[in-house]
Amino acid sequence: MTQYIVRRILVAIPTLMLISMIIFAVLALAPGDPLAQFALNPAIPMETRQRIRESFGLDKPWYIRYVKWISSMTQGDWGFSFSTKSPVIDIVFQRVPQTLQVVGIAYLIAVIIAIPIGIISAVKQYSFFDQLATLLAFVGGSLPSFFTGLSFMLIFAINLQWFPMVFSSTIELNSAASLWQIIKQMIMPISVLVVQQTASLTRFMRSSMLDNLPLDYVRTARAKGLKDNTVVIRHVVINSIIPVITLIALGIPGIFAGAIITENLFRVNGLGQLLVTSIQNSDTPVVMALAFIFSILVVIFNLIADILYGILDPRVKYS
Amino acid sequence: MQIASSWKRSAALLAAALLLPLLVACGGAAPAAEPTAAEPTAAAAEPTAAPAEPTAAPAEPTAEPVAEKDSTLNILYWQAPTILNPHLASGTKDFDAAGVILEPLARYNEKDELVPYLAEEIPTLANGGVAADSMSVTWKLKKGVKWSDGSDFTAEDVIFTWQYASNEKTPATTASNYNGIANIEAVDANTVKITWKAANPDPYVAFVSYSGQVIQKKQFEKCIGEVSMTDAACQAANLAPVGTNAYMLKEFKPGDVVVYVKNPAYRDAANTYFDTVEIKGGGDAASAARAVCETGEVDYSWNLQVPKAALEPILAAGKCEAVAGGSFGVERIVVNFANPDSALGAKRSEPDQPHPFLTDLKVRQAINKAIDRKAIAEQLYGPTGVANCNILVVPTSVDSPNTTCERDVEGAKKLLDEAGWKDEGGARTKDGKAMTLYFQTSINTLRQGEQAIIKANLAEVGIAVNLKAVDAGVFFSGDPGNDDTLNKMFVDIQMYTNGPSGLDSQPYLEGWTCAKVNSAEGSWNQGNDGRYCNKDYDALFATYAKETDPAKRTEMAIGLNDFLINDVALIPLINRRTPNAKIIGLNGPTHNTFDSGLWNIHAWSK
Chain A
1 MTQYIVRRIL VAIPTLMLIS MIIFAVLALA PGDPLAQFAL NPAIPMETRQ RIRESFGLDK
61 PWYIRYVKWI SSMTQGDWGF SFSTKSPVID IVFQRVPQTL QVVGIAYLIA VIIAIPIGII
121 SAVKQYSFFD QLATLLAFVG GSLPSFFTGL SFMLIFAINL QWFPMVFSST IELNSAASLW
181 QIIKQMIMPI SVLVVQQTAS LTRFMRSSML DNLPLDYVRT ARAKGLKDNT VVIRHVVINS
241 IIPVITLIAL GIPGIFAGAI ITENLFRVNG LGQLLVTSIQ NSDTPVVMAL AFIFSILVVI
301 FNLIADILYG ILDPRVKYS
Chain B
1 MQIASSWKRS AALLAAALLL PLLVACGGAA PAAEPTAAEP TAAAAEPTAA PAEPTAAPAE
61 PTAEPVAEKD STLNILYWQA PTILNPHLAS GTKDFDAAGV ILEPLARYNE KDELVPYLAE
121 EIPTLANGGV AADSMSVTWK LKKGVKWSDG SDFTAEDVIF TWQYASNEKT PATTASNYNG
181 IANIEAVDAN TVKITWKAAN PDPYVAFVSY SGQVIQKKQF EKCIGEVSMT DAACQAANLA
241 PVGTNAYMLK EFKPGDVVVY VKNPAYRDAA NTYFDTVEIK GGGDAASAAR AVCETGEVDY
301 SWNLQVPKAA LEPILAAGKC EAVAGGSFGV ERIVVNFANP DSALGAKRSE PDQPHPFLTD
361 LKVRQAINKA IDRKAIAEQL YGPTGVANCN ILVVPTSVDS PNTTCERDVE GAKKLLDEAG
421 WKDEGGARTK DGKAMTLYFQ TSINTLRQGE QAIIKANLAE VGIAVNLKAV DAGVFFSGDP
481 GNDDTLNKMF VDIQMYTNGP SGLDSQPYLE GWTCAKVNSA EGSWNQGNDG RYCNKDYDAL
541 FATYAKETDP AKRTEMAIGL NDFLINDVAL IPLINRRTPN AKIIGLNGPT HNTFDSGLWN
601 IHAWSK
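Those protein sequence lines, which keep their order, are chains A and B. By my numbering, the letter at position 179 of the first sequence is numbered 179, and the numbering carries on one by one without gaps. By my numbering, the letter at position 235 of the second sequence is numbered 235, and the numbering carries on one by one without gaps.
In isolation and in its complexed conformation, chain A is listed as follows (with noise of 0.2 Å):
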């Protein structure tokens, strides 16, 4: 086992390294100017310009900047950010907290209500409940998030006024009351990250529930004269429940790339919002600080993933 996961970390490395690579490639064939706000301010010439370009080091090609990237990196240093001119992975952390609190609370909240509702509807198959769940999945699965989230403002904030539009990072948390304040700008893009989530994972959780239930293993549990509670529970929940905690795992990297669009939309301070900042305004440093701990993650999640397979599956083997 320790052998695999050795393994595994060493493929990691040229893996990751290739993937900064691509990103930094891409990123800087991409068109754009992080002072393009000023391109036609006679106050701010195209000469000012260039000499800020210069001294962000953009009037370089892109192997060697990536080359001085790279090297930087390596040694802990991730940069400075164009816009605040303060080092990248101050402003990333900063950004962590919010994303953690919604999008990860969101995720939390959806996992809570899929299994339940996945293990329901597998085991009433084709009942009022079920129906009614895939229905509600499909929906949810399929509406997109500006949707839900503006629909969401315009009914909650605007015309019932029951939530603020505007979310706010400087509430401080000393009482009650601003406990419920915080709580209560979150509803409106928990909710709407929620029904996304919720969607997908009730549905995998149903599948993965209704292949197990036919087995062999269930029956005889069954012929033993075991509660059908006990029989779901204790035998078909645990083994389906499998490659529904693979994906859950997978999933976790997602919480750190934020949810970009509702976070946008309620004006949210996490990392998908400042990845979408940094992008308009061509801010590269902080774009591809954030890009590659996505990867690292992505990369340390498959793994966990994997592992978590082998520990909770005794027919998995890694050697």
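Be careful, since some hints might not be right.
[Unchecked claim] Distance windows between CB atoms, simulated:
#1 Thr-230(B) to Met-21(A): 20 to 26 Å
#2 Thr-230(B) to Met-1(A): 42 to 48 Å
#3 Ser-342(B) to Ile-112(A): 56 to 62 Å
#4 Ile-112(A) to Ala-459(B): 58 to 64 Å
#5 Gly-481(B) to Ile-252(A): 36 to 42 Å
#6 Pro-264(B) to Ser-175(A): 55 to 61 Å
#7 Ala-30(A) to Asp-536(B): 53 to 59 Å
#8 Leu-10(A) to Thr-230(B): 32 to 38 Å
#9 Gly-318(B) to Ile-238(A): 56 to 62 Å
#10 Thr-230(B) to Arg-8(A): 35 to 41 Å
None of these hints come from the bench; they were simulated from the model. We treat Cβ as the ideally placed atom computed from N, Cα and C, and that holds for glycine.
Position chain B relative to chain A; hints supplied.
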């Protein structure tokens, strides 16, 4: 420290989220906890309801939480500030956010007049502040001004700001405002004398408006040059400058929110109204408008670039007022005098390749007459723009009264007939070639609406138009390696907004001289993207540039505008008045052409 606390908070929240269902399940304990948590909601919800009843609201909605909320000013920008050192700004949002802390010597007000800030008075020829030979200007500084850290503001800070911003290695966006300065000397602690490298007709180019904000020498002393971005202390200073204005920084999350509190060292601190000012950034313009006009969550919202059809109902919700006026710039069609035909290869759009038909005045006049500016203004812009015939509209003294631009379809057809373009149904032809224009602009709902109207207008007189829309980040980038930039202009006509950056129109009017014609040799960046070149205009401009008498300069600026309009060097369409919105009851915000919308934030109240 901020990071640590927010980590803790998120951990607490995750724990709370996990515990909540448990609490509910436990039943007994939950009801006791819930009411206390629920009560403040009602209180928090009230203030949003209050502004709905204008007469009842004014002084005393008795309950304390309301009074508390009133002393916070919530401002919403759909672009978030990312840095608070104005000299390293990467957008208007940064200049604006820095201006809550820092001050220039003088700012423009809504009437385009200069108002002294750190200066005691505005130097003029009359009071002897501006030298008769235009070689220097002397500013008297206010006495007794203190930085928020308690130290004195002196002439040294002004001199330092120049040294900082004009240093070759400092990546200063404001550099061009300071590059013309040969020297600044401190006549005494409260007087500075700026000497220009060459006679300068615009004495207010430096230390005035958003680009003129003075930074503290003590704080930035070691930050001149490249270290301004790379040194940790300088990076921290860029995000938390010490200032002289009514508010000082409390907390800044780059790209998200800036929180300011009263500056106790401010010279008029007793009259600072708000305890806290918060500028939140992000999202989009339409929902920013809703947040002030419909939900009343924020007090002021910036730059509502929203098409009329969406904006008008929002503004009509009754909670807000639009703050519009002056000029955000003139939306114009630039005509390419060079030939953008791709068959020319490397010579494409070079100034020595004349355009096959747009060089014909009659054709340009016909296009100008065919366009329905009123329809564009009324159907698309509404409160955010008015039809306009001039290229120079601000300050109002130089807005020419001599031009007209009524739509005249028959006149346009006649002109095209005269120019030899035969109308045989469809696009007009001459010598077997059809008149087809390629028309590009940036991707933006409003602009695509305009393109559609203009295409229909031109089709009516027999000109075929092919539309093209380019991502704004590319279109405005000036990247010499990209063929879709406005600088290269590889099309026949293109549309965007621009305007002068200060009271003095000279740098703006210079953009149509032969010397500024864009070409491959100059990396397409000289500024005259239409490659308009006319010796008569150049001669007029040369005499204007030499003139120093303000009254004569105004007259000549009007003359230059009229020359361009009569020669149809370009086609102005709309004077944009992109509005900000403020909640009813907020006093202070005005429109502003040459300065930040927050120029007088020290005097805002509610």
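Going through the hints against the structure:
| no. | hint | result |
| --- | --- | --- |
| 1 | Thr-230(B) to Met-21(A): 20 to 26 Å | holds (25 Å) |
| 2 | Thr-230(B) to Met-1(A): 42 to 48 Å | holds (45 Å) |
| 3 | Ser-342(B) to Ile-112(A): 56 to 62 Å | holds (59 Å) |
| 4 | Ile-112(A) to Ala-459(B): 58 to 64 Å | holds (59 Å) |
| 5 | Gly-481(B) to Ile-252(A): 36 to 42 Å | holds (39 Å) |
| 6 | Pro-264(B) to Ser-175(A): 55 to 61 Å | violated (27 Å) |
| 7 | Ala-30(A) to Asp-536(B): 53 to 59 Å | violated (43 Å) |
| 8 | Leu-10(A) to Thr-230(B): 32 to 38 Å | holds (34 Å) |
| 9 | Gly-318(B) to Ile-238(A): 56 to 62 Å | holds (59 Å) |
| 10 | Thr-230(B) to Arg-8(A): 35 to 41 Å | holds (37 Å) |
Consistency note: the structure conflicts with the earlier hints numbered 6, 7.
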